[in-house]
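Between the sequences and the hints, there should be enough to build the whole structure, so can you do that?
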Amino acid sequence: MKTQILVILLIASMMLLGCTQTSDQTNTNVNTQPITDTNVTSETQLVDQEITNEWINESETIDTGSVI
Amino acid sequence: MANKIIATMIGLMMLMLLPMALAQDTNTDSGTSVIVDTTITPIDEKEARTMLSPFGAEVRMLQLEKSVTRNVLIGNEVLQVLSKNHTDANLTDAENTLNSLEMVLEDIKAAPTEGDKNVLVQTFIELKKEAKTLSNDFKQETKNIINAQDRQEIMTNIKDLDKNDLMDINNKIREILKNFNAEKMKEKFNQMGIKNEDMIGRIRNGDMNFKEIRDYALNQFRDLNETEKKQIAATMRNNTIKNMVQQREMTQKIIKDLRQNMLDKMQNRAENLSNWMERKALDANARGDFNITQRLENQNERLNQMIQRMEDRNGGRRQ
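Chains U and L supply the protein sequences, listed in that same order. Just so you know, the first sequence maps onto residues 1 to 68 in our numbering. Just so you know, the second sequence maps onto residues 1 to 319 in our numbering.
Incorrect hints may appear among the rest.
When the alpha-carbon atoms are kept at most 16 Å apart in a straight line, the in silico EDC-like pairs for lysine to aspartate or glutamate are as follows [to be verified]:
no.	chain 1	residue 1	chain 2	residue 2
1	L	Lys-229	U	Asp-48
2	L	Lys-242	U	Glu-54
3	L	Lys-172	L	Asp-162
4	L	Lys-211	U	Asp-48
5	L	Lys-178	U	Glu-54
6	L	Lys-230	U	Asp-48
7	L	Lys-178	U	Glu-60
8	L	Lys-242	L	Glu-187
Stretches of chain L that chain U covers, calculated by requiring three or more beta carbons in the stretch to come under 8 Å of a beta carbon on chain U [what the hints assert, rightly or not]:
no.	segment
9	66-80
10	170-181
Rather than coming from a laboratory, the hints here were simulated on the basis of the structure. Backbone N, C-alpha and C fix where the C-beta goes; we use that ideal spot for every residue, glycine too.
What follows is the structure in structure tokens.
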């Protein structure tokens with residue numbers, strides 16, 4: 001009986017430890033902001049990306065939240 | 001022996017749970033005590049980066065003006081519907097918040113768009129964050145009063161907002177964007193070795209859409225040899241990284257004092273609210289807008305009563 005309780009407590013501890021680590025991992029991912037996109041595979045794609053990123057569409061808006 | 005092991009395990013578990021409990025407390029605390037949004041997101045950074053380019057500050061300030069104008073107009077509609085449908089509801093806080101948001105809007109309209117880029121970016125970020133904080137405050141202050149029927153009524157009343165009330169600002173944005181995009185494409189064309197003033201002129205006049213420009217630029221690029229392509233791509237990438245670094249340095253400087261600056265600003269705004277409302281009421285009166293005059297006078301009276309109550313609670317001393 002005591003051994004069973006010990007095993008349950010051990011498993012619970014390990015699960016808690018796992019949760020904490022997962023949470024830390026998530027936070028790290030959220031805060032990491034790469035300065036450049038390194039997935040560019042060719043010069044043409046890069047030039048395309050440069051032109052597209054710099055162009056501002058009329059429909060683009062600034063988010064100042066919602067009042068309703 | 002077994003009892004000791006169990007006690008040790010329970011102790012260990014409690015030790016493990018303690019940091020989680022403390023972390024939860026911190027979050028709760030920040031949720032109530034932190035009243036301003038002082039985070040700089042990748043979107044904020046992208047918006048700030050635009051301000052480093054010619055016409056960029058004008059574009060961003062006009063976009064911000066549009067967004068805040070929209071919230072002020074909707075906020076006014078919310079207050080009108082709620083004061084009609086819920087005559088007993090206390091809307092004083094929401095009214096004060098909306099007036100503060102209108103003060104922010106006036107600051108946005110008066111904000112500089114030329115001069116020191118550091119100042120331009122700082123002004124933009126602070127005004128944006130303040131507007132966002134106040135919009136969110138207003139939402140929180142009305143959420144327990146507003147019901148589905150009110151919401152439906154408000155939505156019906158604001159459905160033509162973009163077509164009517166925001167038409168002028170939309171036109172201004174459209175015009176300034178033509179200049180901004182023309183300058184940007186000129187810069188990119190120069191980096192690519194393309195000389196086509198006629199096309200830049202057509203972008204400036206709004207005679208070309210983005211797809212046409214992009215197709216033209218990429219076709220020109222494809223005609224180059226591999227060495228030229230590599231060289232141009234490297235130049236473009238280096239320039240972009242340089243701009244990003246410059247903008248990051250700016251935002252890092254701003255973020256240091258952002259929280260304190262915003263708290264000071266919001267406190268000043270609260271202190272000046274009564275004078276601002278008096279001035280608005282006089283303006284509305286001069287225009288013959290007596291409904292607005294009456295509404296502002298009533299709000300000002302409630303605000304002064306609230307200030308008086310706070311002073312009484314503080315033993316007659318103004319804090």
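Hints, one by one, checked against the model:
no., hint, verdict
1, Lys-229(L) / Asp-48(U), "holds, 12 Å"
2, Lys-242(L) / Glu-54(U), "holds, 14 Å"
3, Lys-172(L) / Asp-162(L), "holds, 14 Å"
4, Lys-211(L) / Asp-48(U), "holds, 11 Å"
5, Lys-178(L) / Glu-54(U), "holds, 13 Å"
6, Lys-230(L) / Asp-48(U), "holds, 14 Å"
7, Lys-178(L) / Glu-60(U), "holds, 14 Å"
8, Lys-242(L) / Glu-187(L), "holds, 15 Å"
9, 66-80, "holds (count 7)"
10, 170-181, "holds (count 6)"
Hint compliance for this structure: every hint is met.
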